[in-house]
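Asks: Residues per chain are reported as follows:
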Amino acid sequence: MATPIFVTAASIAAELHQAMLEAKGLALTAKNARALAVRAGSKTVGFKAITHFIDELASDIIRQSQYINGVSEHLSQHAVALWRATMAADKFEWISGQHSTNLDSLQVAMKKSYESREVLSAQLSRGLRELEQQLEEGDKHIRTANLIATSSKVEAASAGDFRNQLEVIAQNITETADKIRAHLSRARNLLGQRQKHN
Amino acid sequence: MLATTLYEDGDHRWIMFGRDPNKTEGIIDTNQYLIQSGNQAILLDPGGIELFAPMLSAVLKFVPAEKITHLFASHQDPDIISSLGLWDQALPNAKLYSPWLWESFIRHFGMERIEYCAIPDEGMTINLGRIQLQFIPAHYLHSSGNFHVYDPKAGILMSGDVGAALEATDAPIWVDNMASHTPKMKKFHQRWMPSNEAKLDWIRRVRQLNINIMAPQHGRLFQPPYVNEFLNWFEELPVGIAIR
Ligand SMILES: [Fe+2]
Ligand SMILES: [Fe+2]
Chain A
1 MATPIFVTAA SIAAELHQAM LEAKGLALTA KNARALAVRA GSKTVGFKAI THFIDELASD
61 IIRQSQYING VSEHLSQHAV ALWRATMAAD KFEWISGQHS TNLDSLQVAM KKSYESREVL
121 SAQLSRGLRE LEQQLEEGDK HIRTANLIAT SSKVEAASAG DFRNQLEVIA QNITETADKI
181 RAHLSRARNL LGQRQKHN
Chain C
1 MLATTLYEDG DHRWIMFGRD PNKTEGIIDT NQYLIQSGNQ AILLDPGGIE LFAPMLSAVL
61 KFVPAEKITH LFASHQDPDI ISSLGLWDQA LPNAKLYSPW LWESFIRHFG MERIEYCAIP
121 DEGMTINLGR IQLQFIPAHY LHSSGNFHVY DPKAGILMSG DVGAALEATD APIWVDNMAS
181 HTPKMKKFHQ RWMPSNEAKL DWIRRVRQLN INIMAPQHGR LFQPPYVNEF LNWFEELPVG
241 IAIR
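Just so you know, the protein sequences line up as chains A and C, in that order.
Here UniProt numbering is used: the first residue of the first sequence is 1, the next is one more, and so on.
Here UniProt numbering is used: the first residue of the second sequence is 1, the next is one more, and so on.
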């Protein structure tokens with residue numbers, strides 16, 4: 001049995017929720033890095049500049065994760081509604097196949113269930129497309145994060161006494177970016193599997 | 001849907017879901033609970049069909065679907081388990097533990113894949129990951145076939161409709177004053193609980209448990225000293241009488 005779409009959408013929301021938590025950690029790292037760079041003075045000007053990028057990136061990721069999270073949660077709700085509408089429509093169709101006694105009295109309800117089935121499945125495909133676009137956006141953030149991580153390592157190398165501490169921070173950025181990438185790619189996989197079934 | 005961690009020791013966790021600010025108007029607010037240990041998790045009284053999507057979404061933030069291996073329905077009410085038909089789609093390999101008495105009724109909510117595990121009247125103990133959970137008989141409180149869930153390691157008793165209070169969705173989660181809380185519970189218990197005898201028997205058994213948290217399905221949760229204060233209050237309260 002294919003995984004129901006409301007499960008897929010809720011699982012995607014959960015991945016994005018994790019990505020957001022990681023990004024919040026990243027924002028904290030940026031703050032620590034900036035404090036350290038300020039204390040270290042002129043040798044770490046480059047690193048200090050980078051911390052602004054990290055900060056911006058973290059809030060971009062947080063904002064976007066929250067957005068995607070909302071989209072997928074809505075999607076999950078639409079999918080449940082669609083499932084219920086489809087179930088009702090199927091039952092109505094079954095009844096129409098059995099007999100026609102008083103079938104007229106069901107017309108309004110039948111029409112409603114067909115309509116909502118259509119509206120909901122249109123909403124669902126729109127939502128899925130939007131989700132796909134948003135997740136692609138997310139990949140751009142990851143590329144940025146990798147660039148930042150590399151430059152942080154380079155800057156750390158020339159930071160004299162503060163080298164070790166800054167290297168730890170640079171490593172931290174790399175690891176967090178990896179974790180966020182993993183969550184995003186799991187979310188994309190979930191979506192990809194979903195579309196194969198459709 | 002708000003999620004609150006009630007207990008955490010390694011991978012053994014209790015999480016409460018509820019106080020949903022987006023809840024449809026006119027449906028009673030409910031507390032749902034997730035217990036996790038190792039690779040397994042159980043959802044206690046997963047709730048009504050209206051709550052399914054926000055619940056699933058909230059739960060997946062803690063465990064992936066395939067690790068939700070068990071469901072528990074304390075009794076047959078719609079606010080407890082009318083979502084079953086949807087969980088059946090979401091968790092095809094799960095087991096549902098519920099009173100044997102209600103099996104043929106609960107199946108009306110739609111269940112094709114999930115396995116119904118009937119709890120005998122005297123209750124039973126199950127393994128979940130590395131812990132054990134006890135299904136404690138609570139018949140006639142209020143349903144004629146009814147169980148509570150006790151986790152001896154965490155010292156938490158999920159007490160279903162016992163201890164329930166009707167409150168605003170934004171009420172705090174902990175009881176902090178019995179005098180102001182009992183009026184919110186009184187009518188509910190008097191109307192819903194049919195048997196003083198069953199009540200006293202339950203109180204006698206529950207007094208022997210070591211309880212750090214008593215967690216009902218509606219309203220606030222109890223911690224010592226309010227657990228005992230609740231039991232004393234309930235003991236004195238005549239039930240099954242609010243028909244006038
Ligand atoms: Fe009930
Ligand atoms: Fe209830």
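Fair warning: there could be bad hints in the mix.
Said to hold, decoys possible - DSSO-like cross-link-like pairs, simulated, lysine-lysine; straight-line CA separation at most 30 Å:
hint	chain 1	residue 1	chain 2	residue 2
1	A	Lys24	C	Lys67
2	A	Lys140	A	Lys153
3	A	Lys112	C	Lys67
Keep in mind that the hints were calculated from the coordinates and are not lab data.
Asks: Now tell me if each hint is right for this structure.
Replies: Going through the hints against the structure:
1. Of the pairs offered as hints, the one joining lysine 24 of chain A and lysine 67 of chain C holds, with about 27 Å between alpha carbons and a cut-off of 30 Å not exceeded.
2. Using a Cα cut-off of 30 Å, the hinted pair lysine 140 of chain A and lysine 153 of chain A holds, with the two alpha carbons roughly 20 Å apart.
3. Annotation: proposed proximity of lysine 112 of chain A to lysine 67 of chain C is violated, straight-line Cα distance about 37 Å (limit 30 Å).
The structure is inconsistent with hint 3 alone, although it conforms to all the rest.
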